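K.L.:
Given next are the chains, with one letter for each unit.
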Amino acid sequence: MLNWMQWLPENVSTYGGDIDSIIRTIWYLTVAWFFITIGTLAAFLILYRRRAGRRASYVKGERLREAAWVLVPVVVVVILDLWLDLLGAPVWAKVKIERPQADLSIQVTGKQFNWEVVYPGPDGRFGTADDRRLLDELHVPVGKPVRIVLKSKDVIHSFFLPNFRLKQDMVPGRAIEGWFEATKPGKYELPCAELCGFGHSGMKGWLYVHPPAEYEKWVKEQWPSA
Amino acid sequence: MSESRAGTITAEAGAHHEAPGFWRAYVFSTDHKMIAKQYLTLGLVWTLVGGLLAAVMRWQLAWPDTAVPGWGEIAPEVYNMLVTMHGTIMVFFVAMPILLGAFGNFLIPLMIGARDMAFPRLNMLSVWTFALASLVLLVSFFVPGGAASAGWTGYPPLSARPEFTGVNWGLNLWILAHALEFAAFLMGGVNYLTTAIVLRAPGMTFSRVPMIVWQQITAAALFLLSVGPLIAGAVMLLLDRTLGTAFYAPQVGGDPLLWQHLFWFFGHPEVYVILFPALGLVLEVLPVFSRKPLFGYRWIVGATVVAGALSFIVWAHHMFISGMDPRLAMPFSITTILISVPFAYIVFAMIATLWRGSIRFPTPMLFALGFLAMFIMGGLTGIFNGSAPADIYVSRTYFVVAHFHYTLFSAVVFGGFAGFYFWFPKMFGRMMSEPLGKLHFWLTLVFFNVTFFPLHHIGLAGMTRRIANPLQYDMLVPHQWINVVSTVGTFCLVAAQLVFVLNVVWSLVSGRRAPENPWEANTLEWAAPSPPPHLNWGATPPTVYCGPYEYSLPEAREDYLPQNLGPARVR
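From first to last, the protein sequence lines are chains A and B.
Quick note: the first sequence uses the working numbering, first residue 1, plus one each step.
Quick note: the second sequence uses the working numbering, first residue 1001, plus one each step.
In short, the hints are calculated from the structure, not lab data.
Quantities reported herein were computed from a predicted structural model and do not represent experimental measurements.
Among these hints, one or two may not hold up.
Residues from chain A that face chain B, not an exhaustive set, calculated with beta carbons under 7 Å [as the list claims (entries may be wrong)]:
hint, residue
1, Ser21
2, Ile22
3, Ile23
4, Ile46
5, Gly53
6, Lys60
7, Glu62
8, Arg63
9, Val72
10, Val74
11, Val76
12, Pro172
13, Thr183
14, Gly186
Heads up, the beta-carbon is just placed ideally off N, CA and C, and yes, glycines get one too.
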């Protein structure tokens, strides 16, 4: 129960480790702060409990010298927070802003209550005759960056791959781009993470990560003529 | 000016000395203390409803698709309604009426030495508008299609077209109930600000105003300044729903994200509208039972105002993964860090107030300390959400649910109970039972943590919010026992509140008569009789000679120095 990091599902994406290390850093810091502040609180409650014949000190904490007892820990908090943001900025940029070149693009459209998945086919372009449509399942190769284009037909959905540490809302009227790269073959759950109506609970799909040869075989099955 | 006004009221009160009848005294009263009790009553009734919805939800999450005793099976659309109405009720119909409506109305005039609010009739209109809002919200449960089910945040397009949720009038009435509720608290807020500015007793300078008054008027100002954009947003939502406009419909040029910006521009200040009054209650209780001045009064006032101002530029941290431009995440991450500065200050100042005090532990103090400990926990888990990359994973999960229950539940419940136990003798003229109060505190503290602490874990394990059946997800099946623990905790938490109900009823009937100043506190309300009569003060309103937290002053005989006695008590 105590180590929160154990509760995260297995990470199988290239950037998931970076996000986990941010979460782990915050976890260590907050656990330390929790014990320091709660410990101080508890110590004060015990040390300064009412005792016969002892009067409380008349300390108003208004002057800077007194206020410093509080201001110094506040400054430490700010420095730690800014440090966390400095650590976090490149990770955020890696996941959400700088997308690597990807050979495979997949369009996923949320609708009440399914994921409509479109592969562009051998020509690499969406909206052509060789597009291949799937429902609630994605197939990707291991070790290759995959570009995803997220859309919605009706209400807001949220594309969530817990094992990849990836989450992105899908907003009707927008095409939001994202990416991921799998590090381990397997079958991973893909729930919708934004309330989208009566079928929200149970709106999910599966992401299949294949080893290279198996992926080639799957591609052959989908586009036999190519 | 305040003196002459107070004088006029006294003369008037003397001229017509007959007691007001039942209707004027209990129903259509302009007395701020009765209006406070009306807000309190409505808030407590809504707490029952909101708590009941939570208990039904928790049953469904622990034992999905089994019949809830006395309710039956929960269909998925009904579950969405429970989620939505639980959030709406707890924020707008429990936290606000109790923390602002009840405590603000009761305390502000008494603590600044006024006879009533600046606008007593507006005050009555405020509580009756809130009653009407309550009625509208209640009716919304019974219209065809049921109550709103698009989440308490009501994101369009889900909320914008009836066919997306199957709820038509329920959601329209939900918007109407909000509009009325906002009107009620705008009237209240204007009253709080005006009263605190113009009706202070002689000698009650701004640097002698008790902290809860500062917190209440900052909250009122935040509400006044932030609610406008949401009202505009709600009008557009209602028009989209009823007249077919397209403010949020992307097919014809609208944008669903517009709502999220408007909602959270209001929503984040709103969090502090609830938090500040709770902080204020705790900040009043801590010095009294530490027998020590509040640590850094002026600094805390400054921190409160700074936090309030900063709350207007952090809203998009609720929207990191919403689809807004990802380059906005870092600027909002930094403003979010800045806003932690004033709150860190206030929390550390609370702890420093205890340092070298002479601490007693009656029930109000226990709840105040419970608030402090739980709020520290909630503040720390907020860092996970405030860090944009960590938020990619934890947002939309039960980790967030755990986080905001540690902050908001601790504010409303621990802060609210601290205030309730502390001022009950003044409100009702009776002392509450200490043994029952302590039992209530320990049960609440333990079961609060049993309910909400495990939610951090299941959130990290990937359980998203607002799903009706965790067993539909293979990854959650092994963790289902956590949902069972949390649910059992919820039932015990609810059951523990029976101790409170018992205590209130017993105390009202046969509690010891409260003296004027049972806690030996300094602020002005303790100079009035318990309970204070209509218009609060006998012939002469009090005059103030010193600040509100002069405890254990070396020159004074006793370890407290009431604001109205000041020099008379100093040797």
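K.L.:
Does the closest beta carbon of chain B sit nearer than 7 Å to the beta carbon of A/Ile23?
P.N.:
5 Å, holds
K.L.:
Return the status of the interface hint for A/Arg63: holds when the least beta-carbon distance to chain B is below 7 Å, violated otherwise.
P.N.:
9 Å, violated
K.L.:
Does A/Val72 hold up as a contact with chain B if the rule is Cβ-Cβ below 7 Å?
P.N.:
9 Å, violated
K.L.:
Does the nearest C-beta of chain B fall within a distance shorter than 7 Å of the C-beta of A/Glu62?
P.N.:
Since the shortest Cβ distance to chain B is 6 Å, the answer is holds.
K.L.:
Min Cβ distance, A/Ser21 to chain B: is it shorter than 7 Å?
P.N.:
10 Å, violated
K.L.:
Holds or violated: A/Ile46 as interface residue toward chain B, Cβ cutoff 7 Å?
P.N.:
Cβ of A/Ile46 sits 9 Å from chain B, so the hint is violated.
K.L.:
Quick check on A/Pro172 please, does its C-beta sit within 7 Å of some C-beta on chain B?
P.N.:
5 Å, holds
K.L.:
Does the nearest C-beta of chain B fall within a distance shorter than 7 Å of the C-beta of A/Val76?
P.N.:
Check failed: Cβ of A/Val76 comes no nearer than 9 Å to chain B, outside 7 Å.
K.L.:
Would the hint on A/Val74 be counted as holding, given a Cβ-Cβ threshold of 7 Å to chain B?
P.N.:
5 Å, holds
K.L.:
Given a cut of 7 Å on the nearest C-beta pair, is the interface hint for A/Lys60 held or broken against chain B?
P.N.:
5 Å, holds
K.L.:
Double-check A/Gly186 for me: the hint is only fine if its C-beta lies closer than 7 Å to a C-beta in chain B.
P.N.:
12 Å, violated
K.L.:
Let me know if the C-beta of A/Thr183 comes in closer than 7 Å to any C-beta of chain B, holds or violated.
P.N.:
16 Å, violated
Checked against the numbered hints listed earlier, the structure breaks hints 1, 4, 5, 8, 9, 11, 13 and 14; every other hint is satisfied.
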